[in-house]
Structures are given as C-alpha cells and as structure tokens.
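Since the structure of chain B is already known, use the hints to place chain Y on it.
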Amino acid sequence: MIKRLIAAVSVLLGILAYSAFAALTIRNESRYIISLLDEVKAYSENDDMAAAEEKAAELEKEWFSYRSRMSFMVREEKLNELNVTIAKIRPYSEEANDELEAEISNARRQLEILYREELPLAANIF
Amino acid sequence: MTVVFIRAVILYLLLLAAVRFMGKHQIGELQPSELAVTILISNIATLPVEDTGMPLFTGIIPVLTLACLDVVMSCIGVKSRTVRNLTGGKPVVIVSNGRIDQKKMRDLRFTVDDLIEAMHSLSIFDISEVQYAVVETTGTISIYQKYEYRNVTNKDMRLHGKSIDPPEIIIEDGSVIEENLKRTGIDMSRVNDILKKEKTIAKDIFLMTMDSEGTYSVVRKERSRREKK
Chain B
-15 MIKRLIAAVS
-5 VLLGILAYSA
5 FAALTIRNES
15 RYIISLLDEV
25 KAYSENDDMA
35 AAEEKAAELE
45 KEWFSYRSRM
55 SFMVREEKLN
65 ELNVTIAKIR
75 PYSEEANDEL
85 EAEISNARRQ
95 LEILYREELP
105 LAANIF
Chain Y
1155 MTVVFIRAVI
1165 LYLLLLAAVR
1175 FMGKHQIGEL
1185 QPSELAVTIL
1195 ISNIATLPVE
1205 DTGMPLFTGI
1215 IPVLTLACLD
1225 VVMSCIGVKS
1235 RTVRNLTGGK
1245 PVVIVSNGRI
1255 DQKKMRDLRF
1265 TVDDLIEAMH
1275 SLSIFDISEV
1285 QYAVVETTGT
1295 ISIYQKYEYR
1305 NVTNKDMRLH
1315 GKSIDPPEII
1325 IEDGSVIEEN
1335 LKRTGIDMSR
1345 VNDILKKEKT
1355 IAKDIFLMTM
1365 DSEGTYSVVR
1375 KERSRREKK
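Chains B and Y are the protein sequences, given in the same order. Take -15 as the starting number for the first sequence in the working numbering and just add one per residue. Take 1155 as the starting number for the second sequence in the working numbering and just add one per residue.
Extracted from the complex, chain B is given alone in its bound form (with noise of 0.2 Å):
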C-alpha cells in the first residue's frame, strides 16, 4: 500500500510540475513572440520597412519552432486561429500595407489570451 501511495503521491507531484513547466514555457515563447511582433510593429511606425521586413521573415521563422513546440501543450484550433494571423504579418510588411499594425495587436492579444488561460486564476478554472 506504501508503494502505491508513494507512487500515486510521486505521480501527483510530477504532474504538478510539469503543469508549472508548461505554464512557465508557454508564457516565455509566448512573450518571445511578442517581443518580435512589437519590434515589427516598432520598425513599421518608424517607416523602416526593410527592416520591418527582416524582423517579420525571422518572426514566421520562430513562428513555426514555437508552433510545433506549443502543439504540445495548446489545443490545434488555438495555435491554427494564431497561423492565420501571424501568416499575414510578413507579406504586409513586404506590400507595407496598413493592415500590418492591426493584425500585430490581434496576434499580440490572442498570444497574452493563450498564456493567460494557461494561469491558475479563478477565471480560468470556473
């Protein structure tokens, strides 16, 4: 019986890390990403489209290494509605089109979204 508590008890603490793990590394990738976003966005106020335009490229980059490290942790339909969004940034940034700016901060709010409801909060529980 000792066995099986110890078991259960390691279990049960083990998975309670590995929450907080998880917690930690989306909150961290997510903010990564944001910072990027708010360097793109940062560029494009400044009319510095070329380097608007670098910083977009390695963004869909770590886009994709974040994506299929989150896939993981965070539902499919979450990180595919982020895809969408993100896939847009780069070719606006090319055309400098004034949408850019608008589809950073709904990239920007849906990544504070999906490292919010990763929280312990009474919001995200009930």
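Be a bit skeptical, because a hint or two may be false.
Incomplete in silico selection of chain Y near chain B, CB under 7 Å [said to hold, decoys possible]: (1) M1155; (2) G1207; (3) M1208; (4) I1215; (5) V1225.
Derived by calculation from the structure, the hints in this document are not laboratory data. Ideal Cβ placement from N, Cα and C applies to all residues, glycine included.
Chain Y alone, transformed into the frame defined by chain B:
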C-alpha cells in the same frame, strides 16, 4: 496544464460529493469514490482520442490525477475511519432482531421490493426468516438468517475434518505454474510422478489442479486425445 489539473481535482471532489449525495441506491457494486473516478476517467479518456486537435497530455493529466487521487484517498481511508466514512459512507442496518427499521429504509430510499429482492437472491422467501440485514457501502444488502433457518454446518453435526486451501492450478495449457506449485508446498518431482502414472507429459495437459494434500485432477488436451486414437 495547471488549469486542467485543478479542474480534474475539483471535478473529482464534486462528483464524489454528488455520488454520496445520490445515496447508496445509485451506487451498485462500486464504492462512491470508485464510481466517481470510473465515470470521470471513462469520459475524459475518450476526449483526446476523438479530438486530435487536443494535446494528448490534456487527456493524460486528468486521468493520472484522478487515478492517483483515488489511490491517495483510499490509502488515507485505510488509516482514517473518518475519511473512509466521508468517501465511502457507512453500512446501515435496516433489519435488526427481525424488526425492519422503516425510517432507515426511507432515509436510504430503499423500498420493500429492494429488501425482498435481496432475500430472493439468497433463496429466502419469508421476511420472518431474517434476523439482521445491512445495506453495505456498495449499496448491496447482506442478510443474516434467524438461527432456526440457518443451514446446518459440519460443526453443528460435530463432523471433524481438516481445513485446507482449495486446489490450485498446477498445469495450464501445457505450462507448469511454479508460483502455485510453491504455494501448495508440493515439489515438481511429485507432479512428474503423477504425470508418469497418468502416462502423459506436461505439454499434453490442458488443466491439472492439486491441493496441499496431493489430491489432484487432470484434464488432457483434446489434441493429444485424438493423437492417441
């Protein structure tokens, strides 16, 4: 993931409370905590299977959480009667000294039909034969008959005999089960002697049972019987 973990804990406690609230009649053969876990796990386990967009961990974590919680709760229950009573409830006596406690039956929402049904399952057809009946935590009714209606035992008849463990399976489908052999305290040479006496080998045996006194029975494989012909 933390959200999934906390939700699983909350749902476990909620379902446990709900099953306890529903009462023994709803439970059947399972303990309330076991039923709560069974209902939750069977539902949760199907979700990530059906929904491939859901990360597998989202399904694994609540299932592991529930199973581990159940183990922890049952271990605490072994040590603490209070916890055991909270999670599993207490057995309730509904017939004592041959008198039906109608209030207790009403509280449990048990009908006369339930009691009669339990009596019938034990081949008792007259309520006057019942001395004592208790509703167990699993919801089943256990009945103890009055002295004059109980079966006569060897002790009543003053018959003397030795109490030994029932026969164990020694050979199953041609394979010797060493663990059972050890438990009966019989060595392999005794089994070989029997096989020699029966003019067969272990490989041709479908089933062989033996008790610690050495009383055995052998069922040969049908294939070997045909081969003999």
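Checked hints:
1. M1155: holds (4 Å)
2. G1207: holds (3 Å)
3. M1208: holds (6 Å)
4. I1215: Holds, because the Cβ-Cβ distance from I1215 (chain Y) to chain B comes to roughly 6 Å (cut-off 7 Å).
5. V1225: holds (4 Å)
The structure agrees with every numbered hint stated previously.
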